Amino acid sequence: MRVSPVPAGAGTPALLAATDPEGLKPVVDVLTQTRQSLTLRSLLLTGFPHDPEFFAAGLTLAREWSRRGLKVAVVDLDFRHPTVVRHKPHPNEGYVDVLEYGCSYRRVAWELVADALWLVGPGSHPPDEERLADHPDWDRAIRVFSNQVDVALYLAPFLDRPGLAGRISKRMDGVLLVASVERVARSTLRDAFLELWGSDAPMIGSLGIEVRRAAIPAPPAPAATTPPAPARPAAVPAPAAQRVTPPAPTPPEPSWDREPDADATRPHLSDEGLERRIADEVRTGSAPRIRPRRGANVAILAGATLAVAAAVGAVGVVVKMSRVPSGSAPLETLPAGTEEVIPAQVGATGASVLPEGEAQRDSSPSEEPAAPIAAAPIVAAPIAAASAPQAADAPYRVHVASFRSMGKVEELVSSLRTRGLDAWHEPAEDRSGWYRVFVGHFSTRGGAARKAKWLLDQHWVDRAVAYPDTER
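Residues in the sequence shown are numbered consecutively from 1, following this note's numbering.
Hint data in this document are derived by calculation from the structure and do not stem from the laboratory. Just so it is clear, the structure is predicted and the values come from calculations on it, not from any experiment. From the three backbone atoms N, C-alpha and C, an ideal C-beta is built for every residue, glycine too. One or more of the hints may lead you astray.
Taking CB as the label site, the calculated pair distances span [claimed, not checked]:
#, residue 1, residue 2, range
1, R2, G420, 46 to 52 Å
2, Y105, A185, 35 to 41 Å
3, Q36, A14, 32 to 38 Å
Construct the entire structure; sequences and hints are all you get.
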């Protein structure tokens, strides 16, 4: 998106001038679709303080969103360099005063567009960073804003302070990273994204800011330094132009270290001779062999060498990619989901690590060896709509994730089944609207714990515990 910076303490005309409808149309479409399936009442926009267009980007997003019929509030949390500053006689109170002193929404909100867009400043004084991130009244303040508007955008350019943006993001329904990739190093941008990802942010998106380069004016044309030639009198006749005979072209000196060109050594043929020669070539199916030049041989040899090297490199890349398992789940689906994970019952989960084959083996050895069974190819079973039946003699299983969205449940179960695991799901009885994803059925809790440890060692899941966590 391309926006101009908004100065601090700007008035209504400068604030309303921030707009980029073409650049933000796809972003607003995605956010509108997200609100149809997920709860999105509070959205955190975080970035770097060295981007002067950060506040303008958030304000432009709020304006485009309000044009879709939503009531939007923009909350400026940058207490170090605030942009929303109210002048007297209006009180300069903001979000900090809502947290600390319980101020109402109507006292701190500034109505920019009638019944559509409001602005809220940082507050009457800068707060302590640690107290701001861990303030106990965050939930109450967010509920106050949710009762007044449809969506509240919280603008906090705190990515230069490690950990601050991550702790604030835990209190939001969604997080949006807004930054200019031309002003920040790739490693810094990667660390900022990983900080938000590690803080278990419910939803992560990114919005790029395009830097406007100042137009360089073209240099003026130099003024004429020579005066115009005076006009010749009409009475004096002009002298006749002298014909200059061009000198004869000098024949080039022969180069003894270079072979003559094929066209130069080819004898000149008349039209009839050329027709007879073409007819002979068509009848015999062969053309006269022309001896290539030494430079052409070198170019052909170099091109062939480059082609062979490129083919060898492509084969190496294909071999390396073929070793990666095709059924691996995408990284963004491996965590517990964008919603909070329902923990299993609290208890001890220590167990020794055994291979996958020994995790489900019964403790009592069989008296007679079993007959060999022919190995059959593993086929991923279709995901059933209902949960897998629980065997009476195998009440334990491994709990790996919990979701509210059935689409994420089916995606994770399908990914685990392609790895050969007995993955299934069932609705959570103690939490309405949630689904739990399990792996396997075990007769003892120790077997389930060993299977969970093995899954974590394989890095196939980020969380695995024996469920239920108490002996039956």
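To see whether the hints hold, each was checked on the structure:
One distance hint, 46 to 52 Å for the beta-carbon pair R2 and G420, holds here, with the actual separation near 50 Å. Distance hint check for Y105 and A185: the Cβ-Cβ separation is about 40 Å, which falls inside the suggested range of 35 to 41 Å. Hint check: Q36 to A14, Cβ distance near 34 Å, so the stated range 32 to 38 Å holds.
Comparing the model with each earlier hint shows no violations; every hint is respected.
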